[in-house]
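Enquirer: Sequences are here, hints too, so could you generate the full structure?
Here is what each chain is made of, one letter per residue.
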Amino acid sequence: MSSLQVFAEVLIAGLLTGIMYSLVALGFVLIYKASSVFNFAQGAMVFFAALTLVGIIELGVPFWLALLLTIGVMVLLGMGIEKFVLRPLVNQHEITLLMATIGLTFVIEGLAQLVWGTDVRRIDLGIKDIPIEFIADNTGILVSQLDLFAAVVAGALVATLAVLFSHTKVGRALRAVADDHAAALSVGIPLQRIWGIVWGVAGLVALVAGMLWGARSGVQFALVFVALKALPVLIIGGFTSVPGVIVAGLIVGASEKIAEFYVGPMVGGGIETWFPYVLAILFLLVRPEGLYGEKIIRRV
Amino acid sequence: MFYREAGKFRTSYAQDAQIFPLGLDKVMVGALLVFAFLIVPNIASQYWLIALLIPWLIFSLVALGQNILTGYAGQLSLGSAGFMAVGAFACYNFLLRVDGMPFLAAVALSGVCAAAVGIVFGLPSLRIRGLYLAVATLASQFFIVWVLDKFGWFKNYDPSGVITAQPIVILGYLFDSAAEKYVLVAAIVGVLALAAKNMVRSNIGRSWMAVRDMDVAAEVIGFRPMPVKLLAFAISSFYCGVAGALFAFAYLGTVEPSAFNIDMSFRILFMIIIGGVASILGSFLGAAFILLLPIFLSVLFHTVFGNAVDASMLSATELIVFGALIIFFLIVEPHGLARLWQVTKEKLRLWPFPH
Amino acid sequence: MFASRALKRAVAALVIGGTLAAGIGLSKEVQAQAAAAKLEQYFGIPSFRVGPFAAAGTGFFGGIIDYLTYINMTGGVNGVQLTWQECETEYIPARGIECYQRLLKRGNQQMHIFEPLSTPIAYGVLNRVDDDRVILTQYGYGRSDAADGRVFPWVFATLTSYWSGASAMINWIASREGGVANLKGKTITHLYLDNAYGREPLPVFRALAKQMGFTLQEVPVAVPGIEQTSQWLQIRQAKPDWVILWGFGAGMNSTAITSAARINFPRDRMLGIWWAASEEDMIPAGDAAKGFFGVANVPSGRQFRVVQEIEKTVYGANRGNLQDPKRIGTIYWNRGVTAAIFWVEAMRNAQARYGKGQVMNGDQLRWGFENINLTAVRAKELGIEGMLPNFRLSCEHHEGAGVIKVMQWDGTRWNTVTPDWVSSDRKMIRTMVEESAARYAAEQKITLRDCSKEK
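Protein chains in written order, with my numbering: chain A, 1 to 300; chain B, 1 to 355; chain C, 1 to 455.
Think of the hints as simulated: they come from the structure by calculation, not from any bench.
Be aware that one or more of the hints could be misleading.
Only pairs whose alpha carbons sit at most 20 Å apart, straight line, appear in this in silico DMTMM-like list of lysine to aspartate or glutamate [unchecked claim]: (1) Lys445(C) x Asp176(B); (2) Lys150(B) x Glu218(C); (3) Lys326(C) x Asp137(A); (4) Lys295(A) x Asp215(B); (5) Lys239(C) x Asp137(A); (6) Lys295(A) x Asp213(B); (7) Lys445(C) x Asp215(B); (8) Lys128(A) x Asp268(C); (9) Lys197(B) x Asp16(B); (10) Lys83(A) x Asp213(B); (11) Lys128(A) x Asp410(C); (12) Lys290(C) x Asp124(A); (13) Lys128(A) x Asp131(C); (14) Lys326(C) x Asp310(B); (15) Lys290(C) x Asp268(C); (16) Lys186(C) x Asp241(C); (17) Lys380(C) x Glu396(C); (18) Lys445(C) x Asp99(B); (19) Lys445(C) x Asp131(C).
What the simulated footprint calls covered on chain A by chain B, stretch by stretch (three residues with Cβ under 8 Å from a Cβ of chain B suffice, anywhere in the stretch; the number is not a length) [claimed, not checked]: (20) 88-96; (21) 103-112; (22) 227-233; (23) 265-275.
Which residues of chain B face chain C? A few of them, derived with a C-beta cut under 8 Å, are [stated by the list, open to error]: (24) Ile50; (25) Ser160; (26) Val162; (27) Thr164; (28) Ala193; (29) Leu252; (30) Leu319; (31) Phe322.
Quick caveat, the model's predicted, so the values are computed rather than measured.
Even glycine gets a Cβ: it sits at the ideal position worked out from N, Cα and C.
Expert: This is how it looks when you write it as structure tokens:
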């Protein structure tokens, strides 16, 4: 294989992995945009969603019905979180809310393992994680079917969310709430219902992320760690931008893989853990709020 | 009635600047110190000393460091476990490579090493703030652990990668029993906590709080942000480094980079949030909550349910109850446990009057 | 509204009440234990049942508890009943030490065997076991040089240490290639989790690479290993003949297999260490795992008599520890059962010498361990023919036979492909062990035990 082919393969693999990171980061962005809360529990929600889906399927329910049921469970979870955790803590400091989502992480992780057990399961999406023969035969580059499917799904999800935000009444209300809570309340937008909806949608995004990551790595506890991979994506893209998340995901995925492949062996490998974060710092030094983040205006 | 400020006249600046101005306060703190240093080592069981008190003190020290950085200086940081790792390995290497280095000097020097590393990784704070800074400090966490893991020099080229800490010898006296280690750790933590309390009440502390509250205004009135922020990073990392050295030497007995992982960094942040940001007492309370409450729950569940309920379900339930308690305490007192104590003291001052 | 005075008072009452309840409960339990501590041997079980490695923990510790229950139901050890208490470590060293201290004493009984199933926790308690007279058994993990019982009198590498395992794996690969001579010029990749566990076999692999003439490619994967694309692209470039998978946790292991499928690397040229070769690791990878070779220090399967007896006796009476009885005969459960078999065997040995039908203390149990002699006859009596090799432990040799079996996954179960046990290079490994142990002894200023004096 020529070195150009090798590079292309690494690059494509990186870009596709980056989209998987964006999927997870999307949940964070949605919640931060609407309620200014950094939802630490997003990783646990990904785990819980995937586990619930697989658990329901194992009970004998057909796939599509199980999917609908799981969506229902995640929406209910989102609304429950809004009612029992967020509403009592309205107007508290950002860091208190962060801590509350941390408590939530423990609750969701424990609940998932209590209800569904700790066995490792597999999820079958009907798409095998093997290279696409057409591309492999013609260019010699291996691209995974599942990765491409995930990219398409992520793209569709982002497009749907974009349409939702810009063309529906609910979407407009969400944008208003994200802009200014007090002003939204004053024009009659039901704040609490909007928050419930946002957490429900974030749960849905978590479910999609959980399904795709679960198909890759199995549905088990390690899924909560995908959230760690999403953090650099969030910084580079900005905490409040949906398109930013996609762009940042592509950047993080590609650079991480290229660095690990070319630079890694020279320093003993394993640089994937810290490289995206160092990259994020470099980006932040130029643009302290991320590429697409809202500029924080501080008044004295 | 007993705990009152009325009738206490101060005639010198020194009296005015006391940490514990009220008589009853002084008596209580004195009794606490006597209890902690003289009574506890003699009556506490091995279990209490090794498994509960020593880790609690060590994590209180880290939480102090984290509180200085995040609570007082307002720099949200998630790299404390990384600085602990620096301290632990620095102490190991100082004792290994410098003949006749006294233990306390090694601990202090390892704190200084951690401080130096802290300054380097604190540089982004001059440009980045808030949640973005928190995630950026994760870079320091991962990078430090990677460096300590990869380069065998730090571990003296040990094939297994887990090195055993040397025994603690101070002035020829060997500290190897649990009670002795406890007294040593308690002494170091006590001294450093006192230093921290005085630091935050001084000009340094005020400069931190000014930068935290409104850094543009702080700059306007003359606090230059770079020295203030970097000093916060340095001192906070010093505390974390010393705590890391104690963690390796007086508690675990082994030094391994992956013991100082991101989970620990997160837990340290949790400790100060639940304990109370910008509060010295809060560091101790938060460390107790995050560290000891899961153990307490585990003991409670095992005693009550024993072998009747499947152990996996018990473990999962412990997690759920722990998370629920965190949320519950936050709803009841969003400013942390230290605030609960503060409210109690204020009520005591007025007692028996309601207001 | 929420922070009302009444609520705050309720909180205070709850906390105080809970503390009192726990305190009373603890003291009551202590009294109960003191009263009932007649003829019972107490074991502390530091298990982990939640978190990323929960599948391993529930299987392994479930197997231990099931075997102990079985012994209890069949008359105990010469009439002595076995009791135990669990403590959740969550695989965290700090919790492991807390569990060690908590489990150490129960009433006036003391725990004498500690099996944490975690290398970090084992290291954490290593320097406490000597003083507490507790036997630290490392059943297929932990310090390889603990095989030298003169430096580590209280630590055992009970079955096969990592170094022996690594050597045996290379021997098996050589046999697949047609002999050691055929390994010259070939490339073997060591794909490992980037921590102490993953790096443990490196000295052995590097030494063997030099000795046998093959190229060793070392590819680390950052914890937790759920993303391995760049590592496998590196492997694709190197085009190795074999990939050794040294991972732990289904996240890393199943991802490695699916990543191999993504670059069309044949799974039947992969060999996983025994922590990368369980059913739980293969199932999430689905069809991609077919053909994958795994190492077993204890093979899986229900054909062994002891497994069938436990199923009939313990699970028949509904006293089984596994939540899902389908896991009987799986790798982790079998491993747990055999771990407990060692404990009971040591007890029997100790009782034979120090008093049949009595509770044994630490020193006596250690003597029992060091005199474990698993012959073919004894294996048949215990019902473990084919499950464990024949070996004996001794004062100097705290490691078992140092052999492995190799299995292949066919999509639903593991099938053993080596009818006999594959051995390691015993001489080379023992030399390495003694060197490393001697270095540790010099560093820690330990005087070597004189085994000839102890009999």
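Enquirer: Would you mind marking each hint as holding or not holding in the structure?
Expert: Now the hints, each set against the structure:
no. : hint                  : verdict
1   : Lys445(C) x Asp176(B) : holds (15 Å)
2   : Lys150(B) x Glu218(C) : holds (13 Å)
3   : Lys326(C) x Asp137(A) : violated (43 Å)
4   : Lys295(A) x Asp215(B) : holds (16 Å)
5   : Lys239(C) x Asp137(A) : holds (19 Å)
6   : Lys295(A) x Asp213(B) : holds (19 Å)
7   : Lys445(C) x Asp215(B) : violated (55 Å)
8   : Lys128(A) x Asp268(C) : holds (19 Å)
9   : Lys197(B) x Asp16(B)  : holds (16 Å)
10  : Lys83(A) x Asp213(B)  : violated (31 Å)
11  : Lys128(A) x Asp410(C) : holds (18 Å)
12  : Lys290(C) x Asp124(A) : holds (16 Å)
13  : Lys128(A) x Asp131(C) : violated (55 Å)
14  : Lys326(C) x Asp310(B) : holds (17 Å)
15  : Lys290(C) x Asp268(C) : holds (8 Å)
16  : Lys186(C) x Asp241(C) : holds (6 Å)
17  : Lys380(C) x Glu396(C) : violated (27 Å)
18  : Lys445(C) x Asp99(B)  : holds (16 Å)
19  : Lys445(C) x Asp131(C) : holds (16 Å)
20  : 88-96                 : holds (count 7)
21  : 103-112               : holds (count 9)
22  : 227-233               : holds (count 3)
23  : 265-275               : holds (count 6)
24  : Ile50                 : holds (5 Å)
25  : Ser160                : holds (6 Å)
26  : Val162                : holds (5 Å)
27  : Thr164                : holds (6 Å)
28  : Ala193                : violated (21 Å)
29  : Leu252                : holds (5 Å)
30  : Leu319                : holds (6 Å)
31  : Phe322                : violated (11 Å)
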